[in-house]
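Chain S with the ligands: place on chain Y using the hints.
2 protein chains.
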Amino acid sequence: MASLQSIKANCRKVMCIGRNYADHIKELNSARPKQPFFFLKPPSAILLPGAGPVLRPKGVIMHYEVELALIMGKKVQDLHPDDTKGAMDAIAGYLLAIDMTARNVQDEAKKKGLPWSIAKGFDTFLPISQLIDKSRIADPQNAHLWLSVNGEMKQSDNTELMLFRIPRQLSDISRVMALEEGDIVLTGTPKGVGSVKTGDVMKAGLKVDGKDIEEANIEVP
Amino acid sequence: MASLQSIKANCRKVMCIGRNYADHIKELNSARPKQPFFFLKPPSAILLPGAGPVLRPKGVIMHYEVELALIMGKKVQDLHPDDTKGAMDAIAGYLLAIDMTARNVQDEAKKKGLPWSIAKGFDTFLPISQLIDKSRIADPQNAHLWLSVNGEMKQSDNTELMLFRIPRQLSDISRVMALEEGDIVLTGTPKGVGSVKTGDVMKAGLKVDGKDIEEANIEVP
Ligand SMILES: [Mg+2]
Ligand SMILES: [Mg+2]
Ligand SMILES: [Mg+2]
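Residue numbers (the working numbering), protein chains in the order written: chain Y, 57 to 277; chain S, 57 to 277.
Looking at chain Y on its own, in the form it has when it is part of the complex (with noise of 0.2 Å):
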């Protein structure tokens, strides 16, 4: 598998999937999607290990959201929904991520009827783990997210509770565009976002069969 640099240089669209768990759709008031729905984050938010902070833009309430990333291996187009063995064909590894959100902003977008792209696209605003080779992870609707502040647990929620399972997410968006090789895709968060100021430290990880997996460990300062 390729160099985390290269994922990074690589990538050339950040699709991330909105409201696919159902108790982060309750906190944050909002309505349960019918079909599954996406945005774009810019590659150009990418924050690899390592690279310092999260930068917070003046005025922006910014909010974590920890996520099960997959990076593609192949074109992908027009995918069947039932095609499960296509889907999980076409991914050549995994990441965790920390989809950042300038909540005001996107509340101000949702009011406005205006695009997410601001919201969701600062620079910084994708903190990634090292790649998690793809044998780590044996079934991926069956892994533990977490994401603490300052030592203090926000999120801990299984993959098993996304509401559109992955070779649906994957079916919908090659409906409507090609996801192509070095593409991401971020699977959804699930409920215990919050806010973080500049300074407060956000750790995330993931575990599979009650196991630490190491490469997904972030930490940003």
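You can trust all of the hints, since none of them are fake.
It does not matter which identical chain is meant; a pair holds if it fits inside one copy or across any two.
In the EDC-like style, the derived pairs of lysine to aspartate or glutamate whose C-alpha atoms are separated by at most 20 Å in a straight line are:
hint, residue 1, residue 2
1, K90, E164
2, K131, D179
3, K130, D179
4, K114, D228
5, K64, E236
6, K114, D134
7, K247, D163
8, K64, E237
9, K90, E216
Treat the hints as calculated values from the structure; they're not laboratory data.
Below, chain S with the ligands alone, put in the same frame as chain Y:
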């Protein structure tokens, strides 16, 4: 300057400004923005010249929006809005582009406060022209855009009508996210947008000082 194939291959984001011509805002009954707002299109949407028709997804009302596009020649961060020279120096060249839009999908997204990425991001939703050498457009705020459908002129206006000029656009984007070499910026569409169906022929072009810029010609069957 690079080949068109490499333009597509090297493009890591396409940023588009919304509502940047007053008469276009009126025709869509949109609110006039106090500051520029932007959305991302995925690079996978780029349709190279001669690469076939725009594909209309089932149930989609598909609108054309002709726009002057900038190809970035270097990384730009935190550009000052008055730095006209900095903005112009960062532009490597131009394209003419059609920002195809699934208008009914976008209208639904606006109503529900959802992102625009799907409405703007279908495969083939970004037809572009040949490369236009930077020297061919002495002043990008004085170029005449046009677009016809089946021989009938639909859009025909000068870039001098932009509400937010190019340095302001690049400044606002670059204060949110780094513009990188190869990124493409769409500068907004003038009035006259409308729908096209399968089989309609779109032609578009650019005039500078009353003369056609041949490389800018787009013809989408
Ligand atoms: Mg998210
Ligand atoms: Mg993108
Ligand atoms: Mg447009």
